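**Student:** Listed here are the chains, written in short residue letters.
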Amino acid sequence: MILSIKDIKKSFGEQNVLNGISLDVEKGDVVALLGPSGSGKTTLLRCMNCLETPDSGVMEFAGNSYNLSALSSREKASIRKRTGFVFQNFNLFRNKTALENVTEGLIVVRKMNRKEAVEKAEETLEKVGMASWASHYPFELSGGQQQRVAIARAIAADPEIVYFDEPTSALDPELAGEVLSVMKMLAEEGMTMVVVTHAMDFARNVSKHVIFMEHGVVVERGKTEKLFSDPEEERTRAFLRLEEI
Amino acid sequence: MLSERVLGILSDSFFRILIPGLTVTIPLTVISFSLALVIAIIVALIQFAKVKILKDIARFYVWVIRGTPLLVQLFVVFYGLPNVGILIDPFPAAVIVFAINEGAYCAETIRAGLEAVPYGQMEAGECVGMSYMQIMRRILLPQALRISFPTLANSVISMIKDTSLAANITVTEMFMATQRIVARTYEPLALYIEVGLIYLVFCTVLTRLQRYGEKKLGRYRI
Ligand SMILES: Nc1ncnc2c1ncn2[C@@H]1O[C@H](COP(=O)(O)OP(=O)(O)OP(=O)(O)O)[C@@H](O)[C@H]1O
Ligand SMILES: [Mg+2]
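Chains as they are written, first to last, in the numbering used here: chain U, 1 to 245; chain Y, 1001 to 1222.
Derived from the structure by calculation, the hints contain no laboratory data.
Since the structure is predicted, the reported quantities are computational estimates derived from the model, not experimental observations.
Each residue gets a CB set at the ideal place from its N, CA and C atoms; glycine is no exception.
A few of these clues could be false.
[Said to hold, decoys possible] The calculated lysine to any residue pairs, modelled on SDA-like cross-linking and capped at a C-alpha distance of 20 Å, are:
(1) Y/1050 - Y/1121
(2) Y/1050 - U/51
(3) U/76 - Y/1216
(4) U/81 - Y/1132
(5) Y/1216 - U/51
(6) Y/1161 - Y/1050
(7) Y/1161 - Y/1031
(8) U/111 - U/89
(9) U/81 - U/1
(10) U/81 - Y/1123
(11) Y/1216 - U/135
(12) U/81 - Y/1138
(13) Y/1161 - Y/1072
[What the hints assert, rightly or not] Chain U regions said to be covered by chain Y (calculated; three or more residues, Cβ under 8 Å):
(14) 6 to 16
(15) 201 to 211
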């Protein structure tokens, strides 16, 4: 078990967004996190990567135990050093080229020397098919290209796990395809991934486990095949039917 | 109006006005503005980071400086402080006042620039594992300064003209030099126009530099 979360709760003011979510992820697992809009998927991912502080919840990750509601900045740093995060809207550093976006963390956080970092970054950009765009700034890239660079940035430092928050929902179907195929490749290489997505094809064909949540609770979880072909819960069935359209 | 006498005075005085311009007005502007930028960045960072007490101090500073005339500030420092035993030479006094004054305005400009950078930039930096100060220095501040650049350039152009106020505290800059020549020759119209034209040339050069700078920075778009 690389990641295990127990009973995350989070509210924004009056609104309870996460009502006690638990979650286990094996090394090499690809977990698709599904659920209707507003069910708390983004908030859950953000809590796991300390972008949001939950009201309670513990996390076992890479051999350490963390109290997510009271993390020191040292603990946050140690979590982030071993995770990657891919945002819905890419969030590439706008003042850095594609290459610099990837080397930034390697140089500043991992203290690699420049030459090593550039080599590693070029190799990673190659992997996502963006090597020939290395010297371009984000504004010169299409959404799909930006997202592939963002993926390169997230995986360059060999994280234990990568979180994706709807990585393709800001993209046209065609551009989404190129991003999804990069993610598929990563999955096949054994990268551990938790993916919030509305791309049902990806969930069905690439993920190994699916978690379906609604109103801040997990409604159903299971192996992908089982959950898609024979869900236990009526809610899951209804959701899948809607999404298939 | 442009008699031979006036033309003679104008050409005689040209270098006697230009030289204080090059040796006093410009250094006064460059030094003061550089210090102002340092002050402004610090004040903007304090306000942006919302550090409790420091933030109140920063806001008080901006409030006082922007709410009082520059000329009054010059007089307080140069003619007023000696009352409490603080004597400062004219040039350093002018530098201090201009830097503190301009710092308040530029702080607001840079703070606005920082606030204009989308929050996702900060979060992306956090996810990469960078510390707050690393993100600030390498991601947010460069973008904020890029956003603020035209406004900051505008401030320098304003400032070079405002340095003429230093004449009031006996700094022999361009304008003071002109006043002295006027006192001897009684040709205020021609001479004040002449000094005005020199200011105009200085500002034109600065405007060109601004365009050049924007082009250089325009390699990436915000
Ligand atoms: N910073 C915030 N402040 C207040 N409310 C928030 C905040 N972030 C999220 N919420 C609320 O929490 C609820 C869950 O939001 P979240 O973004 O986690 O849902 P989601 O499952 O990711 O939805 P979507 O599929 O639309 O992205 C929503 O009702 C949202 O309005
Ligand atoms: Mg979301």
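**Student:** Flag every earlier hint the structure violates by its number, smallest first.
**Tutor:** 3, 5, 6, 8, 14, 15
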